[in-house]
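K.L.:
Sequences listed follow chains A and B, in order.
Letter 68 of the first sequence, counting from 1, is numbered 68 in this note's numbering, and no numbers are missing.
Start counting at 1 in the second sequence, then tack on 221, and there's your number in this note's numbering.
It is worth saying that the hints were derived from the structure and are not from the lab.
Any given hint could turn out to be false.
[Stated by the list, open to error] Label-pair ranges, simulated between beta-carbon atoms:
{"#": "1", "chain 1": "B", "residue 1": "G282", "chain 2": "A", "residue 2": "K49", "range": "51 to 61 Å"}
{"#": "2", "chain 1": "B", "residue 1": "D327", "chain 2": "A", "residue 2": "I218", "range": "40 to 50 Å"}
{"#": "3", "chain 1": "A", "residue 1": "S20", "chain 2": "B", "residue 2": "G450", "range": "40 to 50 Å"}
{"#": "4", "chain 1": "B", "residue 1": "G276", "chain 2": "A", "residue 2": "I218", "range": "41 to 51 Å"}
{"#": "5", "chain 1": "B", "residue 1": "H352", "chain 2": "A", "residue 2": "P42", "range": "30 to 40 Å"}
{"#": "6", "chain 1": "A", "residue 1": "T24", "chain 2": "B", "residue 2": "E305", "range": "37 to 47 Å"}
{"#": "7", "chain 1": "B", "residue 1": "H352", "chain 2": "A", "residue 2": "W210", "range": "19 to 29 Å"}
{"#": "8", "chain 1": "A", "residue 1": "A205", "chain 2": "B", "residue 2": "E305", "range": "45 to 55 Å"}
{"#": "9", "chain 1": "A", "residue 1": "V115", "chain 2": "B", "residue 2": "G380", "range": "42 to 52 Å"}
{"#": "10", "chain 1": "B", "residue 1": "V280", "chain 2": "A", "residue 2": "G189", "range": "57 to 67 Å"}
{"#": "11", "chain 1": "B", "residue 1": "E305", "chain 2": "A", "residue 2": "G157", "range": "57 to 67 Å"}
{"#": "12", "chain 1": "A", "residue 1": "Q119", "chain 2": "B", "residue 2": "T429", "range": "50 to 60 Å"}
{"#": "13", "chain 1": "A", "residue 1": "T24", "chain 2": "B", "residue 2": "R285", "range": "39 to 49 Å"}
Remember, predicted model here, so these are calculated numbers, not experimental data.
Virtual Cβ for every residue (Gly too), placed ideally from N, Cα, C.
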Amino acid sequence: MNAMLAIIRRDLLMVMRRKSEVLTALFFFVIVSSLFPLGIGPEPALLRKIAPGVLWVGALLATMLGLQRMFAADHSDGTLEQMAISPTPLVLLVTGKIVAHWLVSGLPLVLMAPVLGIQFDLDAGALGVLMVALLLGTPLLSLIGAIGAALTLGVRGGGVLLSLLVLPLYVPALIFGAGAVESHIAGLGAGGHLSLLAAILVMAAFFAPWAATAALRIALE
Amino acid sequence: MANRPAPGHFVTVLRFRVDYNQDSCLTLEGRNFYPVSASPPKFDFHFRFMLSAHGLTCVRGDRRLFAGLDLAVGAGQWLHVRGENGAGKTSLLRLLAGLSQPAAGDIRWSGQSIRDSDSTYRQNLLFFGHHGALKEDLTAMENLAFAAAMDGVAIEEVGALQALYRFGLKGREELPVRVLSAGQKRRVMLARLAIRKAKLWILDEPFTALDVKAVELLATLISEHVAGGGMAVLTSHQTMPIPGGRVVQL
């Protein structure tokens, strides 16, 4: 457990030393989401309609940005070897890496989303649902992304492969995440979508670290 | 103890060392005499700490690097793995560290396959590969603290500082590792040897990029470790004057 906390602390410390990574993902999210209202024009009804989808796709692509680097640096400098032979089970350490990835590239998006939602004329209730949906959905993106990042570790041209591998798996998160906001706007209530999103998150939280660990062991061989 | 001899007598205590070779025979290593007045001697369970490999075969791609390799290291011994470039020294060390699986044969720690006694083995193991496992953006101290956390040991700042000073890194402990020279980076990595109490050291080319003084220091550290009942397996193209060593030629 201590080793897991140490990994989270170290990853955050390294991000603080080199801020570009966290800022890149965040600015990408902000800019992509801002381009849509500018391009489509000030038509509140249309903007409200596309808001959930645009914000979710923006968040999805923003978390993809840092994904490839999730294990790459640790792999190339030998830290991953040391993690694999640590007395602490590797799956715990991998979970630590995933948590750190979410804190760096998921949580800022959750906090930024309401500000961006205002551009799309979302009301306070819809903004709240958007935040909750992202709060449940972004950890899911990090968890699924970790499997892809581990599988493509050390593969040349792994970036493209990673997108091909991971983006289809993001589809359920996108559907239920965006669906929650849409159904709230339509007055149907977001409970169903959010419950399903939470259920997928629980399942991924249980299985994804194991899958990523198995993939990392193969990469280390 | 009911039938303990009266003070003044001597008892004979046998020290056993169990060699886990193929037929698992028991080897008697020697006997020591202890006066009864002294605290009752404990058995030296040296055999509890023992690395052995049986019939190891390593295959890389289509090439068979070595086959049917047997080796054993007990307390107070070290192995010098030698061979040409590409002979499979690093592959052997990675097998021994449990980082990859052999094509055939198995590796045992105190008689148990390392696949079964995974976490006990890893608690006793310290492995250094070609890469330093150092984070360039972190300072030497932060790197050591993180490595200690990975190893599951508590680290005190004083201990870490002492280790760094011993390796001649005084005044550089708060610098990011990326500004250090290649040799200094190696020294930061080697400072872990002084901190971590591991029974078995597996070192891949530990003398690379070190200057004469650091080579001497490292050799001293290894001989102290071995003399204290530790074990080491290392690759190097140099010959080393460390007692208790055997050579494995690949």
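K.L.:
If a hint holds in the structure, say so; if it does not, say that too.
P.N.:
We went through each hint and held it up to the structure:
1. B:G282 x A:K49: 51 to 61 Å: 56 Å, holds
2. B:D327 x A:I218: 40 to 50 Å: Roughly 20 Å apart at Cβ, these two residues miss the hinted range, so it is violated.
3. A:S20 x B:G450: 40 to 50 Å: 49 Å, holds
4. B:G276 x A:I218: 41 to 51 Å: 24 Å, violated
5. B:H352 x A:P42: 30 to 40 Å: 55 Å, violated
6. A:T24 x B:E305: 37 to 47 Å: 46 Å, holds
7. B:H352 x A:W210: 19 to 29 Å: 26 Å, holds
8. A:A205 x B:E305: 45 to 55 Å: 48 Å, holds
9. A:V115 x B:G380: 42 to 52 Å: Taking Cβ atoms as reference, A:V115 and B:G380 lie about 47 Å apart, which means the hint holds.
10. B:V280 x A:G189: 57 to 67 Å: Holds - the Cβ-Cβ distance for B:V280 and A:G189, about 60 Å, lies within 57 to 67 Å.
11. B:E305 x A:G157: 57 to 67 Å: 34 Å, violated
12. A:Q119 x B:T429: 50 to 60 Å: 56 Å, holds
13. A:T24 x B:R285: 39 to 49 Å: 46 Å, holds
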